[in-house]
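**Q** Protein sequences appear in the order of chains E and R. Under the numbering used here, think of the first position of the first sequence as 1, with each following residue one higher. Under the numbering used here, think of the first position of the second sequence as 1, with each following residue one higher.
No lab work stands behind these hints: they were computed from the structure. Cβ atoms here follow ideal geometry from the backbone N, Cα and C, with glycine treated the same way. Worth double-checking, as some hints may not be accurate.
Straight-line Cα separation of at most 30 Å, DSS-like style, residue types lysine-lysine; simulated pairs [stated by the list, open to error]:
1. E:K276 <-> E:K332
2. E:K114 <-> E:K257
3. E:K332 <-> E:K357
4. E:K379 <-> R:K6
5. E:K379 <-> E:K284
6. R:K5 <-> E:K62
7. R:K6 <-> E:K386
8. E:K386 <-> E:K284
9. E:K357 <-> R:K5
10. R:K6 <-> E:K380
11. R:K6 <-> E:K276
12. E:K114 <-> E:K49
13. E:K49 <-> E:K7
14. E:K379 <-> R:K5
15. E:K276 <-> E:K257
16. E:K257 <-> R:K5
17. R:K6 <-> E:K284
18. E:K284 <-> E:K171
If you want the ones that stay clear, here's a sample from chain R, every Cβ over 12 Å from chain E, calculated [to be verified]:
19. L3
20. K6
21. A14
22. S35
23. A48
24. G60
25. D73
26. D109
Single-letter residue listing:
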Amino acid sequence: MSERFEKYFEQMPCYLSVHDRDFLITEGNQRFREDFGDRIGEPCYEIYKGRDEICPDCPVEKTFADGLSHSSEQMLTTRAGVETPVMVHTTPIQDQSGEVVAVIEMHTDIRKVKDLENQLQQSQRRLARLFEMVPCYISVQGPDLVIQHANRAFRETFGRAVGDHCYRVYKHRQEQCLVCPARAVFADGKAREHEEVVTTTDGRRLNVLCNTAPITNADGEVVSVIELSTDITQIRQLQDQLTSIGLLVGSISHGIKGLLNGLAGGIYLVNSGFEKDDQARVTKGWQMVQRNVNRIRSMVMDILYYAKDRDLDIADIDVAELVSSFGGLLEKRATDMDVALSCTSAPGVGSFPGDDKAIRAMLLNILENSLEACRGDSKKSDHWVKFTARRAAPWLIFEVEDNGIGMDQETREKIFSLFFSSKGIAGTGLGLFISNKIVDKHGGTIDVDSQPQRGTRFLIRLPLEARPSTRPAEEVNTTRSLNLESEES
Amino acid sequence: MTLPKKILVVDDDADTVEYLTTFLGDHGYETAAASDSRSALTVLQDFAADTILVDVLMPGRSGLDLLVQLRRDPRWQNVPIVVVTGSDKILEDDCQSYLGSHQGIRGPDGVLGKPVDPAALLAVVGHIMSEAE
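All chains should be modelled from the sequences, with the hints used to inform the complete structure.
**A** Pasting the structure below:
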């Protein structure tokens, strides 16, 4: 029997050693001798670890102390210098009186387990890195909609979100969103895809495509929800631009039809005037042709300006010369429309920095609008348009005032919007939109004051010193409608 | 001798008004003009129009709003109305999508696109006048 156990002891596929109270090894099996040599009678700490004193937290010492088995993970170094991770188990050997006289220690090589552990850790680190580095916003939310994890992109864009509610972080809301995909996933365990508009820590609004999926436990219960959001703001902006182009085409087509109608009318009046030998009708018809040719020219200029958002070419503009040039340019048109046009500039108005072409296009647009507003007004017999320029540091102020048809509040609020036209078929809705854009690019503002049937006044302020716009593009196209009387005082 | 038929032209574009009133006048119609829906109602007080040509996109109330108002008013509900528009959408659906929200309102008696085809204008107006007789 003893021989048989001795054989088992010898052939166990692990290191087996017997230790006395002085930590000297009194016996060792074959594997022990193979890897550590025939070192019976030497202290275990020297043999296994190359130390000259007892190891801290020694399981053999503990077993001698309490008579119980102990286990721990240790690192041994074989005589060939190979470091081997092992799981150590100790068991007391007691004499007949129950006293622990020796401890048997078993070291199981756990290198493979350790390798697997390392691989697992590496894999977890890789996954964590991937989670961190993915260029999307990823968050994991619990059933209470509190964010449990968030990746780097998420944290950089939405701040330190972990521990906070998703609706506070994403939407700056104080209560849950009415439609909540995370809640829906918790309810039925099905993945969702939807589009959201979210707000970053610095207040930017982003369009995101949000994919939400359940994370389940071993029992298949949804314990959390992972949300992966992709920033699609640029795609949405491109779509908006495409929509704008579609609207532009529609608007141009609509405008061209109106102009063709005007041209057809002019041609009809000229032809029928000749047939009837009616010179007044010929003249009226020819004026219609000229007017509509001018409108086509303006429309083409507007379209070109809209299509090409060019940089300003700033140079000093002589204000008096600029103002009087419009007198020459529009005098005949105004006379044909029976509108008294006056273009005056205050003495010593000097010059200002601006893009000559853009400023002329802007003023022409507003002046043409004023002339049209007079022509469209059949209630009054005398119509006038007054164009003035003066300095009121730090501004140069252009004022275009007419006693034409005027605008109601709704029209006044929309006149600078893209594709809004109050001129029915004759307008593309580009002119004042572009005028406003030009003024804004110069760092100036346009205010408008108008009363139906009484007339309209545009007040254009441009900085006397070059000062480009700092307003965000989306704010530019809102109408400023102030009390001009108080502004002037 | 029969009196000339009366046509009211409602359009905010002065050139269009000039064109249509002159053209229709040359073809034997008596015309009046209004530059928006509100003034059209004023003109109609003294001008018993046999037909109304109305633009759609005008400042203030649209031509289709005017149509709905006239159709609801016993004084003018039987006056034929021809819509003149440059809008492809209105031409395509014949005003029905707009009028769909006004149950029981009769649509326009004719729809003409801009630029106005003079022959088509005379044909539509002539047909309406002969129907009335």
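**Q** Give a verdict on every hint.
**A** Now for the hints, and whether the structure bears them out:
no., hint, result
1, E:K276 <-> E:K332, "holds (26 Å)"
2, E:K114 <-> E:K257, "violated (81 Å)"
3, E:K332 <-> E:K357, "holds (22 Å)"
4, E:K379 <-> R:K6, "holds (23 Å)"
5, E:K379 <-> E:K284, "holds (21 Å)"
6, R:K5 <-> E:K62, "violated (122 Å)"
7, R:K6 <-> E:K386, "violated (39 Å)"
8, E:K386 <-> E:K284, "holds (25 Å)"
9, E:K357 <-> R:K5, "violated (51 Å)"
10, R:K6 <-> E:K380, "holds (26 Å)"
11, R:K6 <-> E:K276, "holds (23 Å)"
12, E:K114 <-> E:K49, "holds (19 Å)"
13, E:K49 <-> E:K7, "holds (27 Å)"
14, E:K379 <-> R:K5, "holds (26 Å)"
15, E:K276 <-> E:K257, "holds (28 Å)"
16, E:K257 <-> R:K5, "holds (28 Å)"
17, R:K6 <-> E:K284, "holds (24 Å)"
18, E:K284 <-> E:K171, "violated (61 Å)"
19, L3, "holds (23 Å)"
20, K6, "holds (19 Å)"
21, A14, "violated (5 Å)"
22, S35, "violated (6 Å)"
23, A48, "holds (21 Å)"
24, G60, "violated (7 Å)"
25, D73, "holds (23 Å)"
26, D109, "holds (21 Å)"
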